[in-house]
Structures are given as C-alpha cells and as structure tokens.
Amino acid sequence: MAEVNKVVITGLGAVSPIGIGKEKFWELLIQGKSGIGKITYFDTTEYPTKIAAEVKNFDYDDYLTTKEANRMNKSTKYSIVATRLALEDAKLDVSKEDNPYAVGVILGLGVGGLETIEEQHKILLEKGPRRVSPFFVPMMISNIAAGEIAIKIGAKGPNEIITTACASSTHAIGTAFKLLQQGDAQIIISGGTEAAITPMSLAGFCSMKALSTQNDQPEKASKPFDKKRDGFVLGEGAGILILETLSHAKERKAHIYAEILGFGMTSDAYHITAPAPDGEGASRAMEVALEDAQLEPAQVDYINAHGTSTPLNDKLETLSIKQTFGRHAYNLKVSSNKSMLGHLLGASGGIEAIATALTIKEDLIPPTINYHDPDPDCDLDYVPNKAESKLVRYALSNSFGFGGHNGVLVLGKYNEKGR
Amino acid sequence: MEVIDRVKKIIVDQLGVEASKVSEDSSFVDDLGADSLDIVELIMAFEEEFDVEIPDEDAEKIKTVGDAIRYLNK
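Protein sequences appear in the order of chains U and L.
Heads up: the first sequence begins at 27 in the working numbering, then just goes up one per residue.
Heads up: the second sequence begins at 12 in the working numbering, then just goes up one per residue.
Careful, some of the hints might be misleading.
To be verified - DSSO-like mimics (lysine-lysine), calculated; alpha carbons at most 27 Å apart, straight line:
1. U:K416 - U:K387
2. L:K85 - U:K276
3. U:K153 - L:K85
4. U:K59 - U:K341
5. U:K276 - U:K148
6. U:K178 - L:K32
7. U:K122 - U:K178
8. U:K148 - L:K20
9. U:K93 - L:K20
10. U:K204 - U:K178
11. U:K82 - U:K122
12. U:K276 - U:K178
13. L:K32 - U:K153
14. U:K182 - U:K148
15. U:K59 - U:K443
16. U:K246 - U:K341
17. U:K93 - U:K148
18. U:K439 - U:K416
19. U:K254 - L:K74
20. U:K253 - U:K182
21. U:K76 - U:K276
22. L:K32 - U:K93
23. L:K85 - L:K32
24. U:K182 - U:K117
25. U:K153 - L:K72
These are calculated hints, taken from the structure and not from any lab test.
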C-alpha cells in the first residue's frame, strides 16, 4: 500500500445535553450525569414518550449575530458553536492558514431541518404559499451546516454532509479520515450535528415504538444493555472534531488527543430499521475497521458502543462484538454514552468520537449508567454506573443507522515514536 | 404607531441592524446589508403588517426605507 498521511485529532467542541464545551461535557460524562428530562419545547400530553435530552442554556450570542441566527436552523447553530469551540480548543485560526483549499468541512446530519419544515408547513396551511419564508429552503436542506461553517471560517476545501441516519457522523469522520490520509486536505472539521426534538419527529419515533416510555424517572430511562431497557431517548446537540494530518499538526505544534487509525463501513442489506439478527453487518464493519488500522482484535481495550438502549440493538451489538473479538470480548470494556446523553441521532457519532478521544487521552472510561439488571443476551463488561481507570491504547467507536448502515472508527493513542 | 415606525421596527428585527442606522435614505442593500432573500422577506413582512399585497413589479422599485414608507402610506 502506498504511504498515506497519519491523521490526528487536535480539537474538540461539544454542544451536548449534559453541557457545552469539552471540559463540562467530559466532567459530567465521567460523573455519570444524565442529560435527560421532561420535554420543554412543546406540549407532550398526547405522546406516549414525554422525555428527551435537550441542550440546556444554549447561548450563541458570542458566535452569531441576530440576523445570522434568524436564518439558521437549530442544528446549524449547534454546529457553528461546536465548531468555534473546537477551533479554539485546537488553537486554530483558519483565516491564517496559507491554503484555505486544504481546509475542509465534512459533517454528519441524520434528520436535517425538521423544525423549520414544521414551522413553515404550518404557515403554508394557515396563510398560504406567499407567506412561506425565502429562507425556508436554505434553512431546511440537510447540507447547509457544512456550507454555513465554510462561509463563517473561510474553509474552501472538501465540503459535504453525510446522511446515514444514526451512523452519519461516524461516516463523516471516516470519510474525512480517508481524505486526509490521501492528502486531499490538511485539516477537516468533522463530526456532526442534530436538532430533531420536534413534534413530528417524536410522533414518528413513537409510532415506530423505538422510544423509551419510562417517563416517570427521565434520568433513568436510558439503560443500555440492562434487562429493563425499552427504547432509546431522543437527544440533540453537536460534536465537532478538528482532524489534521500529523505533519500539519506537528508543524504548528498542536496538542494531539488521539490518532485515527481505521474506518470500516458495511450495510446489513436486511431491513429498513431492524438490525440483522445474526449481527453480521456490524461485526464485519468492526473487522474492516481493524484491518484498515492493521490491528488484531486482541489489541483493542475499549469499545464506545452504539448502545441505544433498544432491546434489539444492544442484544445484537453484543453478539456482533463477540463474533469479532471471540474470547477477547470478555476482556475489553464496552460502554454507552447514550445512557447519559440520549441518542443524538446523526450527531451521536461525533459526540461519541469526542468521548472516545478523551477516553484514550485520559485512560478513563465513561460509565454505562442505569445498569442494574443483567440481561443474559448482554453479558460483556459494560462499565456499569461508575467510570473506570484503565490504560486505553486502542478503542473503537460504533455507530449503526436506520437503513442498515454500519460505521466503525478505530482510534489510538498518539505515540511520537510510532506504534 | 406611525407607518415610519412600523416599517423601521420590521427592518431592525429582520436585518438585525441598529435603529439609529435606519434612515429614510438608507438603501436596503448598500447601507443595511440586505441580500436578495432578505428583501423578499422584508416585502412579505410589510405585506403582513399592513395587510396589503405588493406585486413583484412594485416590490422591485422599493430600494430604500423611504421607498417602502411612501409605498405603504399610499
């Protein structure tokens, strides 16, 4: 294989249901704090599910003018703030880069501007077509966040949004990783964003019976791998990472959190929403990612699981981990950030890649909270309820999306002397 | 509220500009930073506020704050 660039993570920006900014996010993730509560955005009387993980105290005044904010969907606002936080964290000013064409933006977004569609559709029905906003289309289209970020910071390189439902951000980071490896850019702003806690979205996911209805104790509703799990909890936010070629990061003496070593993606080719019952697609995606990273399964210390808290996902993800790792599945640690964050849908891979990078940096594994009743189908070490200190050299981050999309990233400790 | 104040309020809200910067001579594009989509949105807001229909051929001639006030005063 031809020599490729090494790719490292040099900046992290989190807008999450447990906090905004890398420090707050990580502190509460390690404490095992839930970001789930009663939905405040609209009246949920008629809905079987009344809980979600909303982003609290979101303030964009430092980053956007009123006019800019008025013409942006919430998911775009989240992505702009998370990008600014990530660039500040990476001490990177894109306007000072010699070559703006070497700076890209590749994000994941699963649902898109649903809130805008709902608002404007109401106007269409009540006031007619002449009152639909001229900003409706640019606010609603799923790709606009990547465009808006490029406009704000002057990034003229590769620019796209990838939409593979709940695997979107993982696919975005994987694609960015490949482009950096082959030298199509030197810096890529990657990760993802989502803001889909809306009446239509909640109604649709409720009709699918995909969501938890444990409304009485919202902070305990998301219980991945626990026997009493009954569905996922909608979340929202953005997780943005600054990815750089190692040579570019070294040249500007950037702080390096972790190295991206591999990426694998497959399709279940089975069903629109249900995971394949043999776990083969997910298992194969992990194997492809490990081959890409030139690692043996036994070298992996930790898996940041997709871990949605749905009965099927957690059972089949466990099965697929056992298929890929054999006996080593019982030695490695597995945990689900969704126990605290809910499911950020298209942004989940971004926020979870941030958590995985920090896990590797700190040798500290965030817990799976609300884990109390073991399920015989889920018999791995899920780091129950309390964070654990452990040397983490290599870690996977799994994401699986409706449509049967499987995406897996391999991250590792950056070592100056090589592996 | 006078027509002038209602027009100014819409402009301040939608374009996010300081009220002190909005005078009758101000051009939406050159002075207040509006783009083509902003203009469409402004015209819509005027139609809504004053309960009138502004045909496209009239809308094209509204280029300054004063143009809007004069049109809506008719």
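Here's how the hints hold up against the structure:
This hinted pair checks out: K416 of chain U and K387 of chain U have alpha carbons roughly 11 Å apart, not beyond 27 Å. With a CA separation close to 67 Å, the supplied pair K85 of chain L and K276 of chain U exceeds the 27 Å bound. Straight-line distance between C-alpha atoms of K153 of chain U and K85 of chain L comes to about 24 Å, which keeps the hinted pair within the 27 Å bound. The suggested pairing of K59 of chain U with K341 of chain U holds, with an alpha-carbon distance near 24 Å, which does not exceed 27 Å.
In summary, the hint linking K276 of chain U to K148 of chain U is not supported, as the alpha carbons are separated by about 52 Å, beyond the 27 Å threshold. Restraint check: the Cα-Cα separation between K178 of chain U and K32 of chain L comes to about 24 Å, which is no more than 27 Å; the hinted pair holds. Under the criterion of a C-alpha separation no larger than 27 Å, the hint pairing K122 of chain U with K178 of chain U is consistent with the structure, at around 14 Å. For the hint linking K148 of chain U to K20 of chain L, the alpha-carbon distance of about 25 Å falls within 27 Å, and the restraint holds.
Between K93 of chain U and K20 of chain L the alpha-carbon distance is near 14 Å, which keeps this suggested pair within the 27 Å criterion. For the hint pairing K204 of chain U with K178 of chain U, the CA-to-CA distance comes to about 25 Å; that is within 27 Å, so the pair holds. In summary, the hint linking K82 of chain U to K122 of chain U is not supported, as the alpha carbons are separated by about 33 Å, beyond the 27 Å threshold. Pair hint K276 of chain U plus K178 of chain U holds up; C-alpha atoms about 26 Å apart against a cutoff of 27 Å.
Simply put, K32 of chain L and K153 of chain U have alpha-carbon atoms about 32 Å apart, too far for the 27 Å limit, and the pair is violated. Note on K182 of chain U and K148 of chain U: the hinted pairing is violated, with a Cα-Cα distance of about 36 Å set against a maximum of 27 Å. For the given pair, K59 of chain U sits about 37 Å from K443 of chain U by alpha-carbon distance, which is inconsistent with the 27 Å threshold. Our distance criterion of 27 Å between C-alpha atoms is met by K246 of chain U and K341 of chain U, whose separation comes to about 19 Å.
Annotation: proposed proximity of K93 of chain U to K148 of chain U holds, straight-line Cα distance about 22 Å (limit 27 Å). Taking the CA atoms of K439 of chain U and K416 of chain U, the gap is about 13 Å. The hint holds against a cut of 27 Å. With a C-alpha separation of about 63 Å, the suggested pair K254 of chain U and K74 of chain L falls outside the 27 Å cut-off, and the hint is violated. Between K253 of chain U and K182 of chain U the alpha-carbon distance is near 49 Å, which puts this suggested pair outside the 27 Å criterion.
At roughly 48 Å between alpha-carbon atoms, K76 of chain U and K276 of chain U are farther apart than 27 Å, so this suggested pair is violated. For the hint linking K32 of chain L to K93 of chain U, the alpha-carbon distance of about 15 Å falls within 27 Å, and the restraint holds. Restraint check: the Cα-Cα separation between K85 of chain L and K32 of chain L comes to about 25 Å, which is no more than 27 Å; the hinted pair holds. As the CA atoms of K182 of chain U and K117 of chain U are separated by approximately 19 Å, the hinted pair is consistent with the 27 Å bound.
Our distance criterion of 27 Å between C-alpha atoms is met by K153 of chain U and K72 of chain L, whose separation comes to about 25 Å.
The structure is inconsistent with the numbered hints 2, 5, 11, 13, 14, 15, 19, 20, 21, although it conforms to all the rest.
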